[in-house]
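Let the hints inform the model, and build the full structure from the sequences given.
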Amino acid sequence: MANTGKVPSAMQVHVAEVLAVTDAVCHEHLDAEYADLCALVVGKLARKRPSPLVRGDLRIWAAGVVQAVGQVNFLSDRSQTPHATADELSAWLGVAKSTMAAKAKTVRTLVNMDDAQYMPRELLDSYSALWFVQINGFVVDSRSLPVESQELLAQRGLIPYVYGEPRCTTTR
Numbered sequence: 296m297a298n299t300g301k302v303p304s305a306m307q308v309h310v311a312e313v314l315a316v317t318d319a320v321c322h323e324h325l326d327a328e329y330a331d332l333c334a335l336v337v338g339k340l341a342r343k344r345p346s347p348l349v350r351g352d353l354r355i356w357a358a359g360v361v362q363a364v365g366q367v368n369f370l371s372d373r374s375q376t377p378h379a380t381a382d383e384l385s386a387w388l389g390v391a392k393s394t395m396a397a398k399a400k401t402v403r404t405l406v407n408m409d410d411a412q413y414m415p416r417e418l419l420d421s422y423s424a425l426w427f428v429q430i431n432g433f434v435v436d437s438r439s440l441p442v443e444s445q446e447l448l449a450q451r452g453l454i455p456y457v458y459g460e461p462r463c464t465t466t467r
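Counting the sequence shown from 1 gives a position; the numbering used here is that position plus 295.
In short, the hints are calculated from the structure, not lab data.
Virtual Cβ for every residue (Gly too), placed ideally from N, Cα, C.
Fair warning: there could be bad hints in the mix.
Pairwise CB distance ranges (calculated) [to be verified]:
| id | residue 1 | residue 2 | range |
| --- | --- | --- | --- |
| 1 | 347 | 382 | 23 to 33 angstroms |
| 2 | 326 | 386 | 15 to 25 angstroms |
| 3 | 449 | 389 | 19 to 29 angstroms |
| 4 | 432 | 349 | 25 to 35 angstroms |
| 5 | 447 | 307 | 35 to 45 angstroms |
| 6 | 449 | 326 | 20 to 30 angstroms |
| 7 | 439 | 404 | 32 to 42 angstroms |
| 8 | 327 | 372 | 14 to 24 angstroms |
| 9 | 459 | 305 | 17 to 27 angstroms |
| 10 | 427 | 407 | 16 to 26 angstroms |
Quick look at the structure:
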C-alpha cells in the first residue's frame, strides 16, 4: 500500500478501499507518482476529525481524490505527461463527471491543496517561481545554492525540498 502517513485504526478499512481504486487507476493510466500523491491526500482525509471518508460512496471519494490531484497538476493539459481529460478519468473511475468534479472541489477544500507537496517532482522542478528566495535583498534561484543552504530553506518551508536530491515520500 502507498504511503498515507499514520492513519487511525478506525479508518484503515476506508483508506484501503479508496486506495484500491486510486492505485488501480493511477498505475494503469497515470503513473506511480500520481498514486503516491493520491495516497497522501487520502491519508490527510482519513486523519480529519471527523473524517469525511466515513460518509458517502468510497468510489466517489476515490474519484474526487484523483481528479483533485489531477487539477492541481494540470493533468488535462495535453502538453503534460501523463495527460487525461475529465471525461477519461470519469470513465476509468466509473463515476459521473459532475459528481467527480463536485467531490474534487470538496477534497481540494478539505485538504487545502494550495501546497507544492501535491505536485509531482518533474512539475516542481520546472516551476521556477517555487525556487526563488530573497537573500540580503537579492532574489536568488535557490537551486543554485549549496546543499546546506537549501536544507535550511527547506526546513523553514521556503522551498519544497533540496533540489537534485531524491524526494523523501515518508515526510508527506
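Here's how the hints hold up against the structure:
For the pair residue 347 and residue 382, the beta carbons lie near 25 angstroms from each other, so the given range of 23 to 33 angstroms is met. The supplied range of 15 to 25 angstroms is met by residue 326 and residue 386, whose beta-carbon atoms lie about 18 angstroms from each other. Between residue 449 and residue 389, the C-beta spacing of about 39 angstroms breaks the proposed range 19 to 29 angstroms. Checked against the hint of 25 to 35 angstroms, the pair residue 432 and residue 349 fails, with Cβ atoms roughly 51 angstroms apart.
For the pair residue 447 and residue 307, the supplied restraint of 35 to 45 angstroms holds, since their beta-carbon distance comes to about 37 angstroms. Taking the beta carbon of each, residue 449 and residue 326 are about 24 angstroms apart, inside 20 to 30 angstroms as hinted. A hinted range of 32 to 42 angstroms for the beta carbons of residue 439 and residue 404 is consistent with their spacing of about 36 angstroms. Residue 327 and residue 372 have their C-beta atoms about 20 angstroms apart, which keeps the hinted 14 to 24 angstroms range intact.
Between residue 459 and residue 305 the CB atoms are about 40 angstroms apart, so this pair departs from the stated range of 17 to 27 angstroms. One distance hint, 16 to 26 angstroms for the beta-carbon pair residue 427 and residue 407, holds here, with the actual separation near 22 angstroms.
In the structure shown, a violation is registered for the earlier hints numbered 3, 4, 9, in ascending order.
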